[in-house]
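**Q** Read off the chains here:
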Amino acid sequence: MTMSYILKNIVFNNVRIQWNASRILHTSPVCCKSQAGRYRITPKKDFPLTYEMANPPHQIAHRKSWNSWNTTNIEGGLRSSETAVEDVFIRKFMTGTWHNLFVSEIIIKRQHNIIRIAGIIQRSVGARKMYFLIGYSEELLSFWLQCPVKLELQTVPDRKSVVFKYI
Amino acid sequence: MNISSALLKRSKNVTQTKYISRIVSHKSFSTDINEKIEIPKRIPRGPTDILRALESTITRDPTAAHYKYHDDPFLIPMSNVGKRTFAMAQESGRKAAHWIRQEHADLFNHREADPVIKAFLPRVVYNEKSEVTEDDLKRVITDVQISDAHLVYSLLKDKGIEVSQETQQKLLELLCYFNSEDTLSEEFIEERWFRQSSSFKERQRKTWKDGNLAEEIFISIENPTAATYSAIIQGMSKYFQVERAWQLFEEAQQKGLVLSTNTYNSLLRVVNFLKESYDMRWSLVVNLLTDMNKAGLKPNLGTLNSVLYALSTMGGGKDAKEVVLQILREFKDIGIEPSLASWYYVLITYCKERGPTSTILYDIMAQIENKEHKIKDLIDTYFFVTAMDVCRNHLNDIDLAKRVDKLLHFGNNYDLIGDSYKESIY
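Each protein sequence line maps, in turn, to chains A and B. Read in order, the letters of the first sequence correspond to residues 21 to 187 in the numbering used here. Read in order, the letters of the second sequence correspond to residues 20 to 445 in the numbering used here.
Read the hints as simulated data drawn from the structure, not as lab findings. Predicted model only: the values in this text are computed from it and were never measured. No residue lacks a Cβ here, since even glycine has one placed at the ideal position from N, Cα and C. Please note that a few of the clues may not be correct.
To be verified - Computed spacing ranges between beta-carbons, pair by pair:
hint, chain 1, residue 1, chain 2, residue 2, range
1, A, K170, B, M97, 19 to 25 Å
2, A, T117, B, E270, 56 to 62 Å
3, B, A132, A, N120, 30 to 36 Å
4, A, V50, B, K137, 56 to 62 Å
5, B, D352, A, P168, 47 to 53 Å
6, B, Q121, A, H78, 44 to 50 Å
Stated by the list, open to error - Distance condition first, Cα-Cα at most 30 Å in a straight line; then the derived BS3-like pairs of lysine-lysine:
hint, chain 1, residue 1, chain 2, residue 2
7, B, K87, A, K149
8, B, K421, B, K102
9, A, K129, B, K137
10, A, K170, B, K114
11, B, K87, A, K170
Let the hints inform the model, and build the full structure from the sequences given.
**A** Here is the structure:
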């Protein structure tokens, strides 16, 4: 959905540029509608949103919280770019290793040298397999990032239990 | 009116307080002269003391699962089987990660941490062609990699590089302690926790590998010292190669070498394999102890436990029981407090399945109650299981059982429960 939207945008922009070239001056107001992190209502109103998805970005710190917790971006913070890249890596690793299990965003919290990875998973595999994955991802990530990594998971019966509303 | 009365009251109060304060200040002035500020002496603190102090403010939640399990209704184990399965599953996941790191060692060699943390880096692999020095040997010895130590040592020998006496001694001690076998890494605690249950019975037969590298090294060392003899004798008696151990012991005696106390302890432990009848065993124990005395060695807790162990294997005769008490008294006189292991041996000597009921546990409990015990001996972990068993099957006393349980939950005593098998029996 988003892809086609972007394409449309580009096409429109090009058209506008051509117009501008011909008319030079235009009087219509600039369209600065914010789009990021917002979902559009579907015709059937059956698109499930989690609480996290239901709240647009300007609600961060009001109704919802950040997905990465660290101090790299405050003044005098260290390793800000490395941390961002590592966080992307952790997210990719977790969604890949825990295939089709995460039903929420992956929250990464850093305190001192510890990285805590939190999230909600669904109970579609047995508890034993989950423990295997916990041990595996904790150990491998700590080998890769060279610091202690901990997983803090919560389970829910299925994907439906994290749905906040349908739009 | 109200306000004025309140004001009046206040002013009265003020005058009163002024008066009082004057008296007080007057008094305090007079005492101030004599008072000295004493700066308390600095108490040396360790790096974890603050954490320990914080930890002492919270207690274990008896209703919760162990903190190694995930705190989630779905992931909390419901049974002993579940506990075992989940912990082992997590451990096997960690092992999978170790395997991947070892397979792709070249990818995991980045150095993120400063200073470099060795535990995160893959292990160095040695093979026939690798260039090794004595430093490598020293490193694998400190890292307890037994098969690597074996390989590196033979490589060094092939190349004709001299290994110093000290390193040889260290290698010999390592090999003797582990019977030249690779051990389970200390990282995998879960496997250790669940495995130990079966190993005790196996330990009772001879497992020493004859003609292994340890013996080779022992032979290759010219004019062995007392430490060399001590290492090999301890290794042999730990893995029940008793005859050879005894031979070597006599050899060392003839050469007039003074062996360590721990060597004597390990020999005392295997007395019941050396001699048949109870009398002969006891006389051997006494002989060994007099030998120690002659050599001017001070007995330690290990000696006490070994002697008690030897006694506990000598049947439940009246003599044995009396001797146990006598020994305990003698050791107390020279200032050696018995550990839980000692009490464990006393218990199994006194409370046999067939035989008269003994109330010795009451006396023991009076000695050890309301104290925090630290592990001093491997066998310490057997005490609580045995004590509870005695309460249940021998004395049928629920109050005593509650006292034992209270002791187990006192302070950090729960660390002494041993492994999962013992915990579940308990």
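**Q** Indicate, hint by hint, whether the structure satisfies it.
**A** Evaluation of the provided hints:
The beta-carbon spacing between K170/A and M97/B, approximately 24 Å, falls within the hinted interval of 19 to 25 Å. A C-beta distance of roughly 59 Å is found between T117/A and E270/B, which places it inside the suggested range of 56 to 62 Å. Between A132/B and N120/A the C-beta distance comes to about 33 Å, which sits within the given range of 30 to 36 Å. For V50/A paired with K137/B, a C-beta distance near 59 Å keeps the hint of 56 to 62 Å intact.
Distance hint for D352/B and P168/A: a CB-CB separation of about 49 Å, consistent with the stated range 47 to 53 Å. A C-beta distance of roughly 48 Å is found between Q121/B and H78/A, which places it inside the suggested range of 44 to 50 Å. At most 30 Å may separate the alpha-carbon atoms for a hinted pair to count; K87/B and K149/A meet this at roughly 16 Å. Annotation: proposed proximity of K421/B to K102/B holds, straight-line Cα distance about 25 Å (limit 30 Å).
With a CA separation close to 25 Å, the supplied pair K129/A and K137/B stays within the 30 Å bound. Under the criterion of a C-alpha separation no larger than 30 Å, the hint pairing K170/A with K114/B is consistent with the structure, at around 16 Å. About 11 Å separates the Cα atoms of K87/B and K170/A, which keeps this hinted pair within 30 Å; it holds.
Violated hints for the displayed structure: none, as all numbered hints are satisfied.
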